[in-house]
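Kindly generate the complete structure, drawing on both the sequences and the hints.
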Amino acid sequence: MSVMRRNRNLLCGIQSIMIHREPRLKQYWKKAKSTGWYDFVVPQMDRREYNSHFRMTKESIEKLVEELRPWMEKKDTFLRRAIPITKRVMIGVKCLASCSELKDIAGLFGVGVTTLQECFDDFVAAVNEVIPKKYILWPATEEEYKRKAKRFEDLWNWPMAVAAIDGCHFPCSPPVERCTDYYNFKGKMLLMMIHNKNK
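Position 30 of the sequence shown, counting from 1, maps to 175 under our numbering, and the rest follow consecutively.
One thing to keep in mind: the hints can contain errors.
[What the hints assert, rightly or not] DSS-like, lysine-lysine: derived pairs with alpha carbons at most 25 Å apart:
no.	residue 1	residue 2
1	Lys278	Lys295
2	Lys232	Lys248
3	Lys219	Lys232
4	Lys208	Lys220
5	Lys203	Lys232
6	Lys291	Lys279
[Claimed, not checked] Label-pair ranges, simulated between beta-carbon atoms:
no.	residue 1	residue 2	range
7	Glu263	Pro319	26 to 34 Å
8	Val269	Met305	24 to 32 Å
9	Pro316	Arg292	38 to 46 Å
10	Thr222	Trp301	48 to 56 Å
11	Asp249	Val269	17 to 25 Å
12	Ile276	Arg296	21 to 29 Å
13	Leu300	Lys219	20 to 28 Å
14	Ser318	Thr286	17 to 25 Å
15	Pro304	Met334	33 to 41 Å
16	Pro319	Val269	20 to 28 Å
17	Arg292	Glu263	42 to 50 Å
18	Phe223	Asp191	18 to 26 Å
19	Phe315	Thr260	22 to 30 Å
20	Ala309	Asn329	15 to 23 Å
Quick caveat, the hints were computed from the structure, so don't treat them as lab data. Beta carbons are placed, not taken as given, at the ideal position from N, Cα and C, and that holds for glycine.
Written out as structure tokens, the structure reads:
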């Protein structure tokens, strides 16, 4: 009986220690990531290198940043600083311009893969919201539509259309250091040209 009482008292003592123990606060760690490529290499790139990496000029990206700012810019919180809008846009452009894996692009910008995916999704949504309304001008009235459709049919013998964009793939010999960026979905190394057929 004394052994049972002792075990019961021991168990009660352990329970009271567990109940009165200070709750352990969760610690959230953020791994430090290198942003060397984005912070130090990109600003030093000449025009040719910049175009090679992003397939856009620096001026075009700056214009894109300004147009997408209202949709993509995030505010700092008390937990962390927001990723700057320029970096967010450049992440989106780099994902579209490269066939590299997301983890490799994330490493270049010093962000996690999940953060990169979020930036890319925001970029695509913002581009789909802003760019078509500004640069793809549909006929405003039925008369304008009929006039453009008639002109297009007269020029190209294609009814019920007001505009067209054509693309053409050219075989190429890509640079050795980034040859995977030139593969298409069929596994061929090509360059693509887009042409506006509306003129």
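So, going through the hints one by one against the coordinates:
1. Lys278 <-> Lys295: 24 Å, holds
2. Lys232 <-> Lys248: Holds. Lys232 to Lys248 sits at ~16 Å (cutoff 25 Å).
3. Lys219 <-> Lys232: Cα-Cα ~12 Å, so holds.
4. Lys208 <-> Lys220: Given pair Lys208, Lys220 holds - Cα atoms ~21 Å apart, limit 25 Å.
5. Lys203 <-> Lys232: Distance ~13 Å between Lys203 and Lys232 Cα, so the pair holds.
6. Lys291 <-> Lys279: Distance of about 22 Å is within 25 Å: holds.
7. Glu263 <-> Pro319: 26 to 34 Å: 30 Å, holds
8. Val269 <-> Met305: 24 to 32 Å: 29 Å, holds
9. Pro316 <-> Arg292: 38 to 46 Å: At roughly 40 Å between Cβ atoms, Arg292 and Pro316 fall inside 38 to 46 Å, so the hint holds.
10. Thr222 <-> Trp301: 48 to 56 Å: Taking Cβ atoms as reference, Thr222 and Trp301 lie about 53 Å apart, which means the hint holds.
11. Asp249 <-> Val269: 17 to 25 Å: 19 Å, holds
12. Ile276 <-> Arg296: 21 to 29 Å: 25 Å Cβ-Cβ, so the 21 to 29 Å window holds.
13. Leu300 <-> Lys219: 20 to 28 Å: About 46 Å separates the Cβ atoms of Leu300 and Lys219, which means 20 to 28 Å is violated.
14. Ser318 <-> Thr286: 17 to 25 Å: 49 Å, violated
15. Pro304 <-> Met334: 33 to 41 Å: 37 Å, holds
16. Pro319 <-> Val269: 20 to 28 Å: Once the Cβ atoms are compared, 26 Å apart, the range 20 to 28 Å for Val269 and Pro319 holds.
17. Arg292 <-> Glu263: 42 to 50 Å: 44 Å, holds
18. Phe223 <-> Asp191: 18 to 26 Å: Since the Cβ atoms of Phe223 and Asp191 sit about 40 Å apart, the hinted range of 18 to 26 Å is violated.
19. Phe315 <-> Thr260: 22 to 30 Å: 36 Å, violated
20. Ala309 <-> Asn329: 15 to 23 Å: Because 21 Å falls inside the window, the suggested range holds.
The earlier numbered hints that this structure contradicts are 13, 14, 18, 19.
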